[in-house]
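Enquirer: The lines below spell out each chain.
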Amino acid sequence: MKGKKEKFFNIKVDVKSALPVYEQIKRAIKLAIISGYLEENDRLMSLREMALKLKINPNTIIKVYYQLEVEGFIYSRPGAGYFVKLDRRKIQKEKRELFKDITGEYISRIIKLGYSLEDMIRELSRNAK
Amino acid sequence: MIKLKDLSFSYGKLKVFENFNLQVPEGQVCLITGINGVGKSTLLRLIAGVLKPAGGEIIFSEKMGDDPRKKLGFISEILSLYESLKVAQAIELHMSVYNLSHFDDSLIRHTKIEYSQKIKELSTGQKTIFHLNLILSIEPELFLIDEIIHSIDAYLRRIFLDQLIQLLSKRKLTVIMVNLNFHDIEHIVERVILLKAGKVAVDEEINALKTKVKKVISAAPPQSPSILSQIDYSDHSEFFVYPYSEKHKEKIDGEIIDLNLTEIVTAFIGGEYA
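Chains G and Z, in that order, give the protein sequences.
Mapping the first sequence onto my numbering, position 20 (from 1) lands on 100, and the numbers just tick up by one.
Mapping the second sequence onto my numbering, position 17 (from 1) lands on 126, and the numbers just tick up by one.
Hints may contain errors.
What the hints assert, rightly or not - Simulated crosslink set (EDC-like; lysine to aspartate or glutamate; CA at most 16 Å straight-line):
no.: 1; chain 1: G; residue 1: K143; chain 2: Z; residue 2: E201
no.: 2; chain 1: Z; residue 1: K279; chain 2: G; residue 2: E120
no.: 3; chain 1: G; residue 1: K133; chain 2: Z; residue 2: E313
no.: 4; chain 1: G; residue 1: K135; chain 2: Z; residue 2: D271
no.: 5; chain 1: G; residue 1: K170; chain 2: G; residue 2: E129
no.: 6; chain 1: G; residue 1: K110; chain 2: G; residue 2: D167
no.: 7; chain 1: Z; residue 1: K308; chain 2: Z; residue 2: D293
no.: 8; chain 1: G; residue 1: K135; chain 2: Z; residue 2: D293
no.: 9; chain 1: G; residue 1: K133; chain 2: Z; residue 2: D293
no.: 10; chain 1: G; residue 1: K96; chain 2: Z; residue 2: E127
no.: 11; chain 1: G; residue 1: K96; chain 2: Z; residue 2: D271
no.: 12; chain 1: G; residue 1: K96; chain 2: Z; residue 2: D293
Said to hold, decoys possible - Distance windows between CB atoms, simulated:
no.: 13; chain 1: G; residue 1: G159; chain 2: Z; residue 2: P330; range: 53 to 61 Å
no.: 14; chain 1: G; residue 1: I190; chain 2: Z; residue 2: E248; range: 33 to 41 Å
no.: 15; chain 1: Z; residue 1: N369; chain 2: G; residue 2: L197; range: 36 to 44 Å
no.: 16; chain 1: G; residue 1: E198; chain 2: Z; residue 2: E381; range: 51 to 59 Å
no.: 17; chain 1: Z; residue 1: R267; chain 2: G; residue 2: E198; range: 28 to 36 Å
no.: 18; chain 1: G; residue 1: S97; chain 2: Z; residue 2: H345; range: 21 to 29 Å
no.: 19; chain 1: G; residue 1: E177; chain 2: Z; residue 2: T371; range: 54 to 62 Å
no.: 20; chain 1: G; residue 1: V93; chain 2: Z; residue 2: R280; range: 34 to 42 Å
no.: 21; chain 1: G; residue 1: G152; chain 2: Z; residue 2: T233; range: 44 to 52 Å
no.: 22; chain 1: G; residue 1: S196; chain 2: Z; residue 2: I144; range: 52 to 60 Å
To be verified - To be clear about the criterion: a stretch of chain Z counts as covered by chain G if any three or more of its residues have a C-beta under 8 Å from a C-beta of chain G, and this derived list gives those stretches:
no.: 23; segment: 224 to 236
no.: 24; segment: 240 to 252
no.: 25; segment: 266 to 275
The set of hints was computed from the structure by calculation and includes no laboratory data.
All C-beta atoms in this analysis are idealised placements derived from N, C-alpha and C, irrespective of residue type, glycine included.
Please model the complete structure; the sequences and the hints are all you need to start from.
Expert: Here is the structure:
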């Protein structure tokens, strides 16, 4: 099975974050998959290239790819590399969770500023136009 | 991969290590840090066989074979390698010492080093890369890196680290590096060891360390966990605490900030100077 040419995207790693590097990279790749930027059977960068590009220990990438494979987001073809697996139900579920997380974050931030839920709804409707 | 057992070493009357124990498993990238003079470089030189311990032993795994030094790469500013020889002669000598039938000099050619130049005429950066090329040619199982990364220019530093990552990608390489600066290597390192007064004061996996060392910004010092060091400002202080865990969150009245490796090590070392 010949995969399509690799799609590249930039992953920014936050050095200070207590969130481990492997978790940050995992989320970035997951996001690229659920947002549709990476499509079914797209080939991911090789372990070696990813490590060089992000300037991190290859063991970290191995961990990321392994976990993504276990979680069902990618599959591997020995000798060929890692490819995106599209499980529509799983993707919908991830999208839903991300939507809820971002919404929750948004609400708590706006409330901290002193606005109400009605204010938010009004502003969102305004933006929708 | 390597086990240091009850190691003792002194420089004359100055005791550096006494009954020092440390184990580094195969394939781990380990950072050794601490204040100047605590014995970091000495430790590497003991492992490399440049210095002989007064007591205790250094046990290498079977992978290192009968003569561990042949499978060990040691790079350090202090070690002057083949200084009076020309590049070409040094390579020849190196090949005969290690029984190499061929030599991949792509790294040397990449950095504009001439085969006719004398080693001592090379810049620090070129010497380092040349040394690295020699080490790569022996395909080491254990790589000891002593504080050279920051004495070379940013471009050569990038080349050095890329080579290290390539090596780590190819095979299970054990790396022990001594460094005082971490921003380049923070994501390559897996384990952080802080030496203090000849002992291991901190020994943590890097992700764990980042969750355990935090900066607390508040007017008054937090009751727990322990404060490593602090910076005082006119109306508040920054307290560096360890070991932090989620259970401390409720009791702390202040902002809790995540830190990078440089800030973490500074927090530990800052406490020593207080």
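Enquirer: Check each numbered hint against the structure and report the violated ones by number, ascending.
Expert: 1, 2, 3, 5, 7, 10, 11, 14, 17, 19, 20, 23 and 24
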